[in-house]
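Here the protein sequences line up with chains S and G, keeping their order. Heads up: the first sequence begins at 178 in our numbering, then just goes up one per residue. Heads up: the second sequence begins at 178 in our numbering, then just goes up one per residue.
Simulated from the structure, these hints should not be mistaken for lab results. Keep in mind that a hint or two might mislead.
Pairs count within a copy or across copies, as identical chains cannot be separated in the list.
Think about it this way: if two alpha-carbon atoms lie no more than 30 Å apart in a straight line, the pair counts; the simulated DSSO-like pairs of lysine-lysine are [what the hints assert, rightly or not]:
id, residue 1, residue 2
1, K236, K204
2, K204, K252
3, K252, K236
4, K296, K236
5, K296, K245
2 protein chains.
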Amino acid sequence: MTILAEPPPHTDTLAHNHQQCVDDALKIADQLCTERGVQLTAIRQQVLALIWESHKAVKAYELLDRIKPLQAAAKPATIYRALDFLLAQGLIHRVESLNAFVGCSCSGHQHEQLLLICKQCEQVEERMAAGVMQVLAEEFRQAGFSAHSKAIEVHGLCRRCSQL
Amino acid sequence: MTILAEPPPHTDTLAHNHQQCVDDALKIADQLCTERGVQLTAIRQQVLALIWESHKAVKAYELLDRIKPLQAAAKPATIYRALDFLLAQGLIHRVESLNAFVGCSCSGHQHEQLLLICKQCEQVEERMAAGVMQVLAEEFRQAGFSAHSKAIEVHGLCRRCSQL
DNA sequence: TTGTGGATGTTATAATATAACTGATGGCAC
DNA sequence: GTGCCATCAGTTATATTATAACATCCACAA
């Protein structure tokens, strides 16, 4: 079983240039939406930017609080509609086990990912985990199951936090 | 990569003797609780039995409605407390992506499982998926991640429903 | 008896999410 | 330009999921 190379994990907010993450995410979002002929409106972009403020998963009502300075009229529906859009475009992940949302760093790729959620620093690392997905596919074949979507969410301690 | 043998899937309510599933589940629960010196009280047993009425994932408030004939005083806390107990004992799974609960057919085993959730018939098949878990473990090692819990929930069509 | 711990009862409320209708905007066919 | 349509956002209300906090009960042991 060969495991494909992974992009460097960004679980260390101190050590990486986070503004670069945000800029990249917004730029990619912009490009993808243009290509697809869908609108990355101001609200949607603001929500995406708020989600990318950290590598932690963010709750919808936290986003609501944080968008209010920019969108005074914001209500739950404002946020949930933006989240629905971003999810549909693959720009964010929903973290089911936390009822929260995190930026997707492989936006535009179709493959599903593995989400490693740190209990300590709360950051979420996304990994393509090609090997895992391949073995999973074999498992589905055996089970006669046609998979439409999968979430692999793992709670534990990230490299950094387990070393502390 | 060898895949271990799986117990026969019980995704077909019509074709299998479901009463057997329920009886087995209750008997195993009883044994485990006795062994562990914890109390499988009437409420807890009733909730477990209600969850086992089908192989579908059941919502907490559905359980609340269904337990009322038996426990007229039942309130949300009644159900959530019973669910917490059953989860702690490994007798049920929480299906994060549905905010619902399903009986665990490998109660007492420590290993994590793969949950295959059918969009059509709503039944949940549990698989040990030893191969998947093994490859996952290798992935964690590479990521320097110490996993404490993992949920692998896959939505799609089960064998039966994809053949219809 | 008297405490102690576990389970349950009870009330209230928090947290998460959606429905349904209204209005505003902008493109485009005519 | 006018009218039409689709998309997005505003607004109100409510549904759904989950927990907090405190009271009560009861079995059992000291």
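### Query
Which of the stated hints cannot be reconciled with the structure, identified by number in ascending sequence?
none
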